[in-house]
Amino acid sequence: AAGLSVVDEVDRIVGLSGLLEEGIGQVKQRDRGVTGAQTLVAMAAAQLTGQDHLVGLDRRRGDAAGQPLGPAVDVPSTTAAQIAKRFTDSAFWGIEEAVGRACARVLDRLAPVRRAELLRSVTLDGDATDIEVYGAKKQGAEHAYTGARRLQADIVCWAELGVPLACDLLDGREDARAGIVDRLTRAVHALPEAVAEINARFDTGYFAVDLARACVQMGVRFAIGVRRNSAVLRQVQAVPEAAWSEATGMDGTQVAVMEYLPDAWAKDPDIAKDAKACPVACLARRTRLEAADLPTERARKRRRIHPDQLALALDGVIDHVYLYSFILTNRDVATPAKAAEVEAWYRRRTDIEALNRDAKHGAALRHMPSGDKTVNRLWCAAALLTCTLSAFLQELAGPILGRSRMTIARLRRELICVPARVRHARDGTIWLHPPPGFPLLDHVLTSLQAHGDAA
2 AAGLSVVDEV
12 DRIVGLSGLL
22 EEGIGQVKQR
32 DRGVTGAQTL
42 VAMAAAQLTG
52 QDHLVGLDRR
62 RGDAAGQPLG
72 PAVDVPSTTA
82 AQIAKRFTDS
92 AFWGIEEAVG
102 RACARVLDRL
112 APVRRAELLR
122 SVTLDGDATD
132 IEVYGAKKQG
142 AEHAYTGARR
152 LQADIVCWAE
162 LGVPLACDLL
172 DGREDARAGI
182 VDRLTRAVHA
192 LPEAVAEINA
202 RFDTGYFAVD
212 LARACVQMGV
222 RFAIGVRRNS
232 AVLRQVQAVP
242 EAAWSEATGM
252 DGTQVAVMEY
262 LPDAWAKDPD
272 IAKDAKACPV
282 ACLARRTRLE
292 AADLPTERAR
302 KRRRIHPDQL
312 ALALDGVIDH
322 VYLYSFILTN
332 RDVATPAKAA
342 EVEAWYRRRT
352 DIEALNRDAK
362 HGAALRHMPS
372 GDKTVNRLWC
382 AAALLTCTLS
392 AFLQELAGPI
402 LGRSRMTIAR
412 LRRELICVPA
422 RVRHARDGTI
432 WLHPPPGFPL
442 LDHVLTSLQA
452 HGDAA
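Residue 371 in this note's numbering sits at position 370 of the sequence shown; the count goes up by one each step and never skips.
Read the hints as simulated data drawn from the structure, not as lab findings.
Take these hints with a grain of salt, some might be off.
Claimed, not checked - Calculated cross-link-like contacts (lysine-lysine; reagent style DSS-like; alpha-carbon spacing at most 25 Å):
#1 LYS86 with LYS339
#2 LYS29 with LYS86
#3 LYS277 with LYS374
#4 LYS274 with LYS361
#5 LYS361 with LYS277
#6 LYS139 with LYS361
#7 LYS138 with LYS361
#8 LYS29 with LYS339
#9 LYS374 with LYS339
#10 LYS361 with LYS86
#11 LYS138 with LYS374
#12 LYS374 with LYS361
#13 LYS374 with LYS139
To be verified - Computed spacing ranges between beta-carbons, pair by pair:
#14 SER91 with ALA179: 35 to 41 Å
#15 GLY180 with ALA117: 29 to 35 Å
#16 ALA451 with THR186: 36 to 42 Å
All C-beta atoms in this analysis are idealised placements derived from N, C-alpha and C, irrespective of residue type, glycine included.
Turn these sequences into a full structure, and let the hints guide you.
So this is what it looks like as structure tokens:
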């Protein structure tokens, strides 16, 4: 895994290991041996090279030639598990604080145009992803509605940068809405001070007045998916046909602003106070679907059809129906063009779904290696740190890797897990000699070495 040398360069440029040491602090009584930050970075380095169990740390130690190339000391799996059990909530929050400070350092290294683009407007995406487990004794694991035993990783990420800023590992049956305000607050505090505007996107799983109130109090412009209910379905039927306008980038889809606001939202003093400047509006989207293409009874798409329309279509009275979706937002939707823009922006909430997929299939969030929840929580943090390192690497490498972000799996195949002959010079310099066919390692190393050390 000669490509770990580029991760070491990222660590040198950003000073991430030092920030993690400061954020996590001392997790052991005696200040000797392996630290908590070194354990976390060792887990992330192992996941970056394709290891998906704690024993993968021992496999990394077996790579004698590659040990000096990575950003961390190689930690035995048993030692890592014992140290992980000592982590407290404050240590985990320190990881998020360190990542936030590292983001600011990365932005300082970017070209002025890219830096201004990232600071002009930040989008925070929140989503939970299920992690299926099989051990009956895993702490917090519960059977979900699907029948699978699971834990949940609830993440808030910086969409444009591709960096997770806050995360909690929830029990299998825990409601994600319960702690979303705290996660959003931590994510907002982790952002650089120079950010001009903060926006947030959440799906229907976070439909709660507490979240909207928190967004208003922190000056965050939000868009939250609305759970379909009789009231919102009744109101959408009252929208005039002339009020619908074409959506951006979706054939057969239209958007409209409609009259709907839950009582709890309308009576909330903070939301009502903010409504004078940025009123909360309900944005409806409908997509035409031919009656011949009706989804099956158990399909999720079928729930988006108005019950009256579905009954008429099944009886053959009408030849098409509409699939409806709704969001509540305090962004500007005063004109049809602005409404279409906000709806298209909300649809790009798939950014965090891509991050979840990368954390599972690129890193190792698809697996929880221990029965102890604290160990699993650190493993989850290591998987998200792997995503962070990938994002930092691709931003700092600039045009070498392009703006279309690589997945971790592709990065591992083309850059990280490449063979090379290691030569140690008398002055301590390490020279890498990869075989023909791996030009990316040389190009990326050259690009990263042009950056100075972290301040």
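Practice problem: Could you tell me which of the numbered hints above are not met by this structure, giving the numbers in increasing order? | Solution: Of the numbered hints, 1, 3, 4, 5, 8, 9, 14 do not hold.
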